Amino acid sequence: MDDIAMRAPLAVDGLSYAYGRKRALDHVSFSLAPARVTALLGPNGAGKTTLFSLVTGLFDSRTGRIRIAGHDLRRERSRALSDLGIVFQAQTLDLDLTVERNLRYFAALRGLSEREARKRIAALLEQVGLTEQRRHKVRSLSGGQRRRVEVARALLDRPGLLLLDEPSTGLDIATRRWLVDEVHRLAHEDGIAVLWATHLVDEVRAHDDLIVLEKGKVVARGEVERVVHDTRANDLNEAFTRLTSARAEEHL
Amino acid sequence: MSPTHAARAFTAIVTREFLRFVQQKERFFAALVRPLIWLVVFAAGFRATLGLSIIPPYQTYISYDVYVVPGLIGMIQIFNGMQSSLSMVYDREMGSMRVLLSTPLPRWFVLFSRMLAATFVSIVQIYAFVAIALALGTDVPLEGLLPMLPVLVLTGLTLSAIGMFLSSWIRQLENFAGIMNFVIFPMFFISSALYPLWRVKESSLWLFHACQWNPFTYIVEAIRFAMYGQVNAEALAVVAGTLAVFGAAAVAGYTPARGGPAAGRASSAR
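Protein chains in written order, with full-length UniProt numbering: chain A, 1 to 252; chain B, 1 to 270.
Keep in mind that the hints were calculated from the coordinates and are not lab data. Do not take every clue at face value.
Computed beta-carbon distance windows for the label pairs [unchecked claim]:
{"#": "1", "chain 1": "B", "residue 1": "A7", "chain 2": "A", "residue 2": "H27", "range": "54 to 60 Å"}
{"#": "2", "chain 1": "B", "residue 1": "F185", "chain 2": "A", "residue 2": "E189", "range": "56 to 62 Å"}
{"#": "3", "chain 1": "A", "residue 1": "A90", "chain 2": "B", "residue 2": "E26", "range": "44 to 50 Å"}
{"#": "4", "chain 1": "B", "residue 1": "P56", "chain 2": "A", "residue 2": "H136", "range": "53 to 59 Å"}
{"#": "5", "chain 1": "A", "residue 1": "H136", "chain 2": "B", "residue 2": "W213", "range": "50 to 56 Å"}
{"#": "6", "chain 1": "B", "residue 1": "A128", "chain 2": "A", "residue 2": "H136", "range": "44 to 50 Å"}
{"#": "7", "chain 1": "B", "residue 1": "V33", "chain 2": "A", "residue 2": "D72", "range": "21 to 27 Å"}
{"#": "8", "chain 1": "B", "residue 1": "V231", "chain 2": "A", "residue 2": "R65", "range": "50 to 56 Å"}
{"#": "9", "chain 1": "B", "residue 1": "A131", "chain 2": "A", "residue 2": "T63", "range": "55 to 61 Å"}
{"#": "10", "chain 1": "A", "residue 1": "R185", "chain 2": "B", "residue 2": "T255", "range": "34 to 40 Å"}
{"#": "11", "chain 1": "B", "residue 1": "E26", "chain 2": "A", "residue 2": "T63", "range": "47 to 53 Å"}
This one's a predicted model, so the numbers in the text were calculated from it and none came from an experiment. Even glycine gets a Cβ: it sits at the ideal position worked out from N, Cα and C.
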């Protein structure tokens, strides 16, 4: 791992993971740049959720290394996770608590003072357009509104790295568009590094960075345009199909 | 983690557990009705048939309803400990456990806070139960109610730790409900909760030995002695030891799975 990667918002080096004998990740290495959106693109079962579980400290790996903002996740778990905001694939809010209570609960878990939490919650609910719903129970919100609350929750502690694991699953087109726009705005205006796991090519923008994961291996990495050019494809859709089907053929 | 951070996180976890408890009114009633049925219905029947000699901590003959109160307090705590663990399994299935475990808080701290929160909830239920028992005429020593408190914290933590350990090994909610029956009922019945051990010994020696190996027996005895302002050192030592063993096992159970060909289980957070 070089010096730049050591200081990167997220640096993953030689990471492998297996469920019993089934290998889910195979020597995965990459690093993210600050203020950039990186799409982690891969078909279902490519290992995206396993990678997220490792980066969020839910799993641990025998091999490889993860550094968040320069902190080794294994040795400095608490410091590493302090810089992380996460939106999980599954909805993870307490349905019987109000929007505000959910956020206050999480703010306290992150150690924010009551005053700071109130200020941040008001600002973030405004940002995600849910100020009026702050006293509503989460159960009464739509799927899109719940996702907005989760984005607000991930941003509460001003993270330097935002992880989103297939966050658009089950959302309508308007909310999906809002989410993609918002995440890019956060990267460009607030300087947050974003890792967005998806299997949907249309969620990736031309100027994003890209990591293509297939059967647990990184098969392409770089700016979207460069990956498209290197695979001699006309667009990302074609490049993605070539990259993933080439690997599938290798396994036949 | 600074002490201020720890205090804020702990308060949040306890508050959430209490909010859940308040919202689930049926849970409160079920927690009270269960021991009250034993106290009112079963104790009335047993009072006539079961003679109780003077055994420590009692200094006089007591009626069966007085004898059974510590066991029923233990019953409240065992159900509460399992209920809390059930909600851990639910949280894990619903994903909110992922949020908790991916915070910068140490895992042991998260688990200990959850256990203590569940214990506090059980203590509220216990004092409500004791108040009703007093109103029904059961002779509960009032002077023992305060000395009993630290023992209730210890016993509540121990039962929560056992539940937490079970929840770390159980993948699905449906399985946990089944396991509860195999844990709660044997623990409760094969103990000194309903009958004194000398009575059990008279009728069955193997059952007596089984009771002696059951940590719930010592939980009940620790509570029983504390209610009368006495200390049962042996019971407290066994309860503290059980807490240490199951607490450590629960933390180990919630330690992230490392995967790899040698890993038997896929993951604890899956």
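Now for the hints, and whether the structure bears them out:
no.: 1; hint: B/A7 <-> A/H27: 54 to 60 Å; in the structure: 42 Å, violated
no.: 2; hint: B/F185 <-> A/E189: 56 to 62 Å; in the structure: 59 Å, holds
no.: 3; hint: A/A90 <-> B/E26: 44 to 50 Å; in the structure: 27 Å, violated
no.: 4; hint: B/P56 <-> A/H136: 53 to 59 Å; in the structure: 56 Å, holds
no.: 5; hint: A/H136 <-> B/W213: 50 to 56 Å; in the structure: 52 Å, holds
no.: 6; hint: B/A128 <-> A/H136: 44 to 50 Å; in the structure: 31 Å, violated
no.: 7; hint: B/V33 <-> A/D72: 21 to 27 Å; in the structure: 52 Å, violated
no.: 8; hint: B/V231 <-> A/R65: 50 to 56 Å; in the structure: 51 Å, holds
no.: 9; hint: B/A131 <-> A/T63: 55 to 61 Å; in the structure: 58 Å, holds
no.: 10; hint: A/R185 <-> B/T255: 34 to 40 Å; in the structure: 38 Å, holds
no.: 11; hint: B/E26 <-> A/T63: 47 to 53 Å; in the structure: 48 Å, holds
This entry does not satisfy hints 1, 3, 6 and 7, going by the numbered hints stated previously.
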